[in-house]
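Student: Each chain, written out:
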Amino acid sequence: METNAAHNLLGITLKTGWTVVEKLTKADHSTGSFFSVCYKVEKDGVVCFLKAFDFAKFFQLSEPGKEIVDIMGDMITAYQYERDLSNHCRDKHVTKVAFVMEAGQEIIPNHSISIVPYLIFELADGDVRTQLEYSRKLDFAWKLHSLHDIAVGLKQLHAIDVSHQDLKPSNILLYKKESKLGDLGRSICSDLDGPYNRMPFTGDINYAPPEIMYNYYDNDWNKRVFATDCYLLGSMVVFYFSGISMSALLLKHIPENFRWERWRGAFEEIKPYIADGFANAIVEFRENIQDPYFKKEISLLVEQLCFPFPDERGHPKNIEMVGSNFNMERFVSRFDLLKLKAEYQTKN
Amino acid sequence: MANFFENKDRRVIPNWRSFKKTAMLGELDVPISSIPTHDISLSIDSYIEDFKTNRTIAHAGDLISAAVVNGFEKDKTVIDAANFILAKPNETTATQLSLAERITKGIPDASKPFKLDNISLEDFSLYVNPKTVWEKIHLLKQAANQFQFNPIIWVELSRHYSIIGQQRQALNTMKIALQLAPENRFVLRSAVRLFAHYDDLEFSHDILRKSQLTNFDPWLTSAEISLATLRERTSRFMKKGAEMVSSKNFSPFSITELASSLGTVEMINGSKKKSRELFYKALQAPNDNSLAQVEWASKKDHQLDINPANFQVKHNFEAQALDNFNKEKLDDALTNTFRWFLDMPFSKRPVMFGSHIADTMNDQETSRDFLKAGLISHPNDAQLLNNIIYSLALENKTDEAMDFMEKVPPLNQMQKSTQICITATRGLLYFRTGNHPIGRQLYLEAIEDAKDANNQYLNWLAILNYAREELLIKSDKVQEIMETVALMQDDTENLDIRKLKKEVTEMFEKQKQGNS
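Going down the list, the sequences are from chains A and B. Per the numbering used here, the very first residue in the first sequence carries number 1; after that it's consecutive. Per the numbering used here, the very first residue in the second sequence carries number 1001; after that it's consecutive.
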């Protein structure tokens, strides 16, 4: 038997009325949260997904030497924040996000830390990686449909001043034909005082934009966080069509001496070299798409969304307009058009 | 008469290679050694766990991406994921396959020998082909058009234009790069080299004087000092440069060019002790440029005794070739000069040196190969054309030589030394076509001109060439000219003079014996 309380929920009926019916492995859920234990829960014939916050894992990931009480406090804050942010989004009519349906905490006796906070979500069919295939032409329309959903989700979040910050394949959840953004746990909102609001980047560093990798942070909060989302959306496009992340593709084209962990100079100094790596990355990316129209349009989207310097990232027309570089509206329209064209091609 | 390689004045002007190669050589690294690298604790455990429980191409792609971003390419599960991708080529993308291959095969190691290290003269026609440069220009133009924001592409385009002698295009594209990245070391050093290459020293110097970076970046300070010296001015960065070299803020490699540049100034000013100190400092971690500079300086100051082969320096072909030549290892000198030329195909120095060595070895065909290769970047260059004509005439290929003579620009458009050579070469052509009086008249004109220009090297060279022609036709002028030849010192440092004098003297001796 696992010694952590979060691992011992199976068979229990929670105070919220949900019965824990199955413990899920990574293969089954893939929420992207590494400090949680996941289960299937059932109530009134409805099956949902439960994310239990695992104190032991939280402890492992915390700064060495930190007091246990403080770590517990951090975990509770993270739990509350994700719950509140989810409610905030739901109340503001966001639709393309996997919401918290219910939240609670359970005391599991006979454990050193017996309290287990949890969140219950609608059960997804899986994350996008379970669906993505790279050889089938038929998947083209599906991919664009999914990317359109993601762009809409981001647009909705941005409209209420929320930046997702952690967009990556494991956080794109599939619900039949619809894709939704999962895991708001690392998101930040200007209206909510969260644990991450003051951090320059809150998401997964593996998907972080180059300015973050090279330690450059724009002081303007809005500019910084929305530029990050813009890049992350572009990185998803890259992953959907090339099978690797934009950051990996970019680093593939940057000389070893200039890798982010080796570079000791300022971001400004390395910009020409990143620009060169980026240009070569786009050339390589383009070769993964056969159809000339989609090749041109999709690589242009990636170029605008993932441009390595935040000031020049976004749609060119938005860049010209002060203060709205990262407006998703134009990208949503572009994905919509591409999706429709791809669907039309598939049907004919 | 050919005017070959004059190793008189060398300055530490930046060498100009492709961006990729320059980066690999470490010349674009941050010079200050005290700035810490980023410290972010990273983990790809969740990606590893995901792949272990979901063996799909997408999960494998996600894992290898995270590994590349964080430098975990050698992790066992990452290699497993890469092999998983490689085993299913029909279910993956070209990008996934290429990244997976990079993980399994490893990234090219900068410490391994470069391709040029293994190239020999036999590969001449394979590597000296303007068609490949044109093809590259076509691709670069497309890329520049699409990625107009990328200064590196514009620099590369400029370099390729300079390789095929398209001066206007080379300068224009470099100006675009300068506008895009006016404060970048690679762009600035490339621009400086290009404008200096086309003899616009003033503009080249201005670029550096106006750049803020020249105050802080020893790689640029060095170039500024060298350009000021070339313009016979005193650099206002001398003091700053000396402080940089004596401070411990910079890595030895990052100040190597600066130390050799300062050492050169001290040498010109006659401070041999100071210059030696600086040259030895440059040798603590030399690059090819500083090593070649010290090798050059060692000819002026014999107490500077260095062997370039003792230094582990990439692309040190120039220094090796000069050293080989000074030690009269001519085969090695020729091979290293060919590599030097391929490394710097826009430059005339390796062309002149290569043809000079080949001529010294009586290998006229190779000498002409170098010169014709030089015409790619310097079309209608009078000096190159002169040397080709000279080489052809020596082999009595007078028709071909006349064809090249038609391409020679008017005398008033060339340097005095080249004018002298052209006059002598015309003399040679007249001798070889049987018109001896005009040939004689032209040679004597060249000899006088060289004397008037106080150019002893050309004067002697003209005399020896003229003597050879008179000997070949067994004229009655032989005795008179050989008396002049006899006055020449035998211990001249110019190998070609020594060799030609020996040949002429032997011919004369043989003729004397035949006559007696």
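Simulated from the structure, these hints should not be mistaken for lab results. Note that the structure is predicted; figures quoted are calculated from it, not measured. Treat the hints with care, as some may be off.
Claimed, not checked - Result set (DSS-like, lysine-lysine): computed pairs, CA atoms no more than 25 Å apart in a straight line:
1) A/Lys15 with A/Lys57
2) A/Lys252 with B/Lys1329
3) A/Lys252 with B/Lys1074
4) B/Lys1502 with A/Lys252
5) B/Lys1348 with B/Lys1272
6) A/Lys295 with A/Lys223
7) A/Lys57 with B/Lys1372
8) B/Lys1175 with B/Lys1136
9) B/Lys1131 with B/Lys1074
10) B/Lys1499 with B/Lys1329
11) B/Lys1088 with B/Lys1105
12) A/Lys317 with A/Lys252
13) B/Lys1021 with B/Lys1052
14) B/Lys1348 with A/Lys252
15) A/Lys252 with B/Lys1451
16) B/Lys1021 with A/Lys252
17) B/Lys1499 with B/Lys1397
18) A/Lys40 with A/Lys23
19) B/Lys1502 with B/Lys1348
20) A/Lys252 with B/Lys1136
21) A/Lys252 with B/Lys1499
22) B/Lys1407 with A/Lys295
23) B/Lys1105 with A/Lys295
24) A/Lys296 with B/Lys1074
25) B/Lys1474 with B/Lys1348
26) B/Lys1510 with A/Lys252
27) B/Lys1074 with B/Lys1020
28) B/Lys1329 with B/Lys1372
29) B/Lys1052 with B/Lys1299
30) B/Lys1348 with B/Lys1314
31) B/Lys1329 with A/Lys295
32) A/Lys252 with B/Lys1105
33) B/Lys1451 with B/Lys1397
34) B/Lys1141 with A/Lys296
35) B/Lys1074 with A/Lys23
36) A/Lys223 with A/Lys341
37) B/Lys1510 with B/Lys1474
38) B/Lys1175 with A/Lys40
39) B/Lys1105 with B/Lys1052
40) B/Lys1141 with A/Lys57
Student: Indicate, hint by hint, whether the structure satisfies it.
Tutor: Checked hints:
1. Using a Cα cut-off of 25 Å, the hinted pair lysine 15 of chain A and lysine 57 of chain A holds, with the two alpha carbons roughly 24 Å apart.
2. Only pairs whose Cα atoms come within 25 Å are accepted, and lysine 252 of chain A paired with lysine 1329 of chain B is rejected, the gap being roughly 43 Å.
3. For the suggested pair lysine 252 of chain A and lysine 1074 of chain B, the alpha carbons sit about 16 Å apart, so the restraint of at most 25 Å is met.
4. Simply put, lysine 1502 of chain B and lysine 252 of chain A have alpha-carbon atoms about 59 Å apart, too far for the 25 Å limit, and the pair is violated.
5. Simply put, lysine 1348 of chain B and lysine 1272 of chain B have alpha-carbon atoms about 30 Å apart, too far for the 25 Å limit, and the pair is violated.
6. As the CA atoms of lysine 295 of chain A and lysine 223 of chain A are separated by approximately 29 Å, the hinted pair breaks the 25 Å bound.
7. Between lysine 57 of chain A and lysine 1372 of chain B the alpha-carbon distance is near 71 Å, which puts this suggested pair outside the 25 Å criterion.
8. Annotation: proposed proximity of lysine 1175 of chain B to lysine 1136 of chain B holds, straight-line Cα distance about 20 Å (limit 25 Å).
9. A distance of roughly 41 Å separates the Cα atoms of lysine 1131 of chain B and lysine 1074 of chain B; the hinted pair therefore is violated under the 25 Å criterion.
10. Restraint check for lysine 1499 of chain B and lysine 1329 of chain B: the C-alpha separation of about 15 Å stays at or below 25 Å, so the hint holds.
11. With a CA separation close to 17 Å, the supplied pair lysine 1088 of chain B and lysine 1105 of chain B stays within the 25 Å bound.
12. Our distance criterion of 25 Å between C-alpha atoms is broken by lysine 317 of chain A and lysine 252 of chain A, whose separation comes to about 30 Å.
13. The suggested pairing of lysine 1021 of chain B with lysine 1052 of chain B is violated, with an alpha-carbon distance near 39 Å, which exceeds 25 Å.
14. For the given pair, lysine 1348 of chain B sits about 35 Å from lysine 252 of chain A by alpha-carbon distance, which is inconsistent with the 25 Å threshold.
15. A distance of roughly 61 Å separates the Cα atoms of lysine 252 of chain A and lysine 1451 of chain B; the hinted pair therefore is violated under the 25 Å criterion.
16. A C-alpha spacing of about 16 Å is found between lysine 1021 of chain B and lysine 252 of chain A, which places the hinted pair at or below 25 Å, so the restraint holds.
17. Distance check on the hinted pair: lysine 1499 of chain B and lysine 1397 of chain B sit about 23 Å apart at the alpha-carbon level, within 25 Å; holds.
18. Simply put, lysine 40 of chain A and lysine 23 of chain A have alpha-carbon atoms about 6 Å apart, close enough for the 25 Å limit, and the pair holds.
19. Between the alpha carbons of lysine 1502 of chain B and lysine 1348 of chain B the distance comes to roughly 29 Å, so the proposed pair goes past 25 Å and is violated.
20. Between the alpha carbons of lysine 252 of chain A and lysine 1136 of chain B the distance comes to roughly 21 Å, so the proposed pair stays at or under 25 Å and holds.
21. With a C-alpha separation of about 54 Å, the suggested pair lysine 252 of chain A and lysine 1499 of chain B falls outside the 25 Å cut-off, and the hint is violated.
22. The hinted pair formed by lysine 1407 of chain B and lysine 295 of chain A fails the criterion: a straight-line CA distance of about 49 Å is larger than 25 Å.
23. Note on lysine 1105 of chain B and lysine 295 of chain A: the hinted pairing is violated, with a Cα-Cα distance of about 29 Å set against a maximum of 25 Å.
24. Straight-line distance between C-alpha atoms of lysine 296 of chain A and lysine 1074 of chain B comes to about 35 Å, which puts the hinted pair past the 25 Å bound.
25. Between lysine 1474 of chain B and lysine 1348 of chain B, the direct Cα distance comes to roughly 37 Å. Violation of the 25 Å bound is thereby established for this hinted pair.
26. Distance check on the hinted pair: lysine 1510 of chain B and lysine 252 of chain A sit about 68 Å apart at the alpha-carbon level, beyond 25 Å; violated.
27. With a C-alpha separation of about 24 Å, the suggested pairing of lysine 1074 of chain B with lysine 1020 of chain B holds against the 25 Å cut-off.
28. With a C-alpha separation of about 24 Å, the suggested pairing of lysine 1329 of chain B with lysine 1372 of chain B holds against the 25 Å cut-off.
29. Pair hint lysine 1052 of chain B plus lysine 1299 of chain B does not hold up; C-alpha atoms about 65 Å apart against a cutoff of 25 Å.
30. Between lysine 1348 of chain B and lysine 1314 of chain B, the direct Cα distance comes to roughly 21 Å. Compliance with the 25 Å bound is thereby established for this hinted pair.
31. Between lysine 1329 of chain B and lysine 295 of chain A the CA atoms are separated by roughly 56 Å; this puts the pair beyond 25 Å, and the hint is violated.
32. Simply put, lysine 252 of chain A and lysine 1105 of chain B have alpha-carbon atoms about 14 Å apart, close enough for the 25 Å limit, and the pair holds.
33. The hinted pair formed by lysine 1451 of chain B and lysine 1397 of chain B fails the criterion: a straight-line CA distance of about 30 Å is larger than 25 Å.
34. Proposed proximity of lysine 1141 of chain B and lysine 296 of chain A is supported: the alpha carbons are some 18 Å apart, at most 25 Å.
35. In summary, the hint linking lysine 1074 of chain B to lysine 23 of chain A is not supported, as the alpha carbons are separated by about 33 Å, beyond the 25 Å threshold.
36. Note on lysine 223 of chain A and lysine 341 of chain A: the hinted pairing is violated, with a Cα-Cα distance of about 32 Å set against a maximum of 25 Å.
37. A hinted pair counts as satisfied when its Cα atoms are at most 25 Å apart, and lysine 1510 of chain B with lysine 1474 of chain B qualifies at roughly 12 Å.
38. With a C-alpha separation of about 64 Å, the suggested pairing of lysine 1175 of chain B with lysine 40 of chain A is violated against the 25 Å cut-off.
39. Taking the CA atoms of lysine 1105 of chain B and lysine 1052 of chain B, the gap is about 22 Å. The hint holds against a cut of 25 Å.
40. Under the criterion of a C-alpha separation no larger than 25 Å, the hint pairing lysine 1141 of chain B with lysine 57 of chain A is inconsistent with the structure, at around 53 Å.
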